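Protein chains: 2
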Amino acid sequence: MDKLLQDPNQFVTDIVDGLVRSHPDYYEKVEGVNVIKRKDGTPSGQVGLVSGGGSGHEPAHAGYVGEGMLSAAVCGEVFTSPTPDMVLEGIKAADGGAGVLLIVKNYSGDVMNFDMAKELAELEGIQVETVIVNDDIAIKNAEDRRGVAGTVFVHKIAGAAAAAGKSLSEVKKAAEKAINQVRSIGMALSPCFMPESGKPGFELHENEMEIGIGIHGEKGIERKTVAPVNEIVSELLDRLTAEVTDKRIALMVNGMGGTPISELYLAYKYVSEQLEQREYSIARSYTGNYMTSLEMHGFSITLLAVDDELLGYLDAPSETIGFPVRSE
Amino acid sequence: MDKLLQDPNQFVTDIVDGLVRSHPDYYEKVEGVNVIKRKDGTPSGQVGLVSGGGSGHEPAHAGYVGEGMLSAAVCGEVFTSPTPDMVLEGIKAADGGAGVLLIVKNYSGDVMNFDMAKELAELEGIQVETVIVNDDIAIKNAEDRRGVAGTVFVHKIAGAAAAAGKSLSEVKKAAEKAINQVRSIGMALSPCFMPESGKPGFELHENEMEIGIGIHGEKGIERKTVAPVNEIVSELLDRLTAEVTDKRIALMVNGMGGTPISELYLAYKYVSEQLEQREYSIARSYTGNYMTSLEMHGFSITLLAVDDELLGYLDAPSETIGFPVRSE
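Chains A and B, in that order, are what the protein sequence lines are.
Quick note, the first sequence lines up with residues 715 to 1042 if you use my numbering.
Quick note, the second sequence lines up with residues 715 to 1042 if you use my numbering.
What the hints contain is simulated information worked out from the structure, not anything from laboratory work.
Given the structure is predicted, the values throughout are model-derived calculations rather than measurements.
Heads up, a few of these hints could be off.
The list cannot tell twin chains apart, which means a pair is met if one copy fits it or any two copies do.
To be verified - Below, a list of computed lysine-lysine pairs in the DSS-like style, where the Cα atoms sit at most 30 Å apart:
1) K753 - K961
2) K913 - K891
3) K880 - K933
4) K806 - K887
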């Protein structure tokens, strides 16, 4: 698989540079490390938010840095946890004096390294709390569930709470409420290819699809022949609606990176139709590339059970590349 | 190539339905035809704007329907001009009593069918003007140049002029100014695949790229071995800067549909660096999927020479899916 690439060894650095160059008024790169922060910094007295992890999920997470969402994003190598030192730089960049919340996707390397960074930051006198996002229901055991596209809703909700001047414990509580109420599942038609090796992250043959795939190409629930999208949606929603039983929801139809917009809206048609048939009320919807996996072709569905508080946070103003200013 | 697809024969209808379903407060489908219009209609006394053409370029053109941009978009079958009757429906939907401007990409079928629709609309008493966008410099002869991603700037500029209450001739003049000052060129690493046949639109082998490709996979300037992105950018900018000699520009780095966001920002780094080396001043920049070609993997660069008037139009408020609310 060919890529737009200069040097595989500086793939992430080039992306980070490109993001900062494209938004010089909004972004700043922390000197010497692939951490992007708000140029204007976290307003004094406001809780700072840090997320990140391996790269390859763009616009996550750097694309959610900005007013009303993240204060800083830590950009590890492709599909590789950032080091504790990098995360510490993110925490220091995000600190506005009211503490910092870490929003971590549930992967063992991320959890471990963000936790070590938390300890280092606390030694420097910064108050740090952590939430772990585990929205991927393709894994049966809740403890092992991966963090995927639902993480973007957590960024938005925690970011809006922080921007509203809430305390660290209140922001953490809002994030945890979102985490408890959000579930996702994805599928892929084609694999992604690692920039360093040029090799596919996993094998997936023509006319084959993987249901329940992870955002790094992790094995899902089953592999089978490609079906019409209506059938794919039906299978994904059978699983999701078993877990999200509140009927008032925010819906995200997320592209995996190589999926054209046309197919995402095509999928949206069937997702929304079937949710209505199941008597769900779609209070807000978001269609686009939010949490990707390099050039993987596929999509995921995220359902977030909402109440007025969460809708208020979703609708609150934000200024980022990745999250739409208004709900769709 | 596998796709997210229900029925190849209703691919475009499904996309249009998905778009309208995802934005029920903003969009309306014209009864029985794949034309999307602003739900609130063109404000009375304001010039209406219509664009469109073959589908497969999403978010173009329906994604640019909304306040401050298009009044209606006519969505033909994939890479196929809409019929004059369809365009007429778009014109009627867009008419707010002050005339309608058609923004047409320079393809013979589009030019012919939009022109026939113009005549039909005039018979119904609607005043109609047309502008033809021909920004693709891969074609040497200016008359034969195709309309590509620069069309999006024309939508924005004409839309802002219309929203500012300008007359039909003034809006046309603003659009023509943009057209005269915008140039684009693209490249692809992989072909797109037609939904009806599942066949590639053209052949492009692994480790081969096409420089100067069109948004329907039309032949470009040359086909060669994939090079590092810096070299690709250098070749594209050699050609573009020969044509856009004013140094104050708006820059668009546009994905072709299957290009991940990561690679677009990576490309942006080298495009912006090289433009600065060539002493261009990037007044505004836009990176993303604006004018695509199904799942083609590649990108295009668009340069628009700007002055304060055009910058004002680019920055004017708009509310659409496809165009960012603020410049990046």
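Legend entry - K753 and K961: within-copy, between-copy, both or neither at 30 Å Cα: Intra 40 Å, inter 27 Å, cutoff 30 Å: inter-copy only.
Legend entry - Within, between, both or neither, where K880 and K933 count as close if Cα-Cα is 30 Å or less: neither (39 Å within a copy, 57 Å between copies)
Legend entry - Alpha-carbon proximity between K913 and K891, which holds within one copy, between copies, both or neither at 30 Å: neither (39 Å within a copy, 47 Å between copies)
Inset, instruction - Measure nothing new, just compare the shortest in-copy and cross-copy C-alpha distances for K806 and K887 to 30 Å and report within, between, both or neither. - result: within (22 Å within a copy, 52 Å between copies)
Hint compliance for this structure: hints 2 and 3 are broken, all remaining hints hold.
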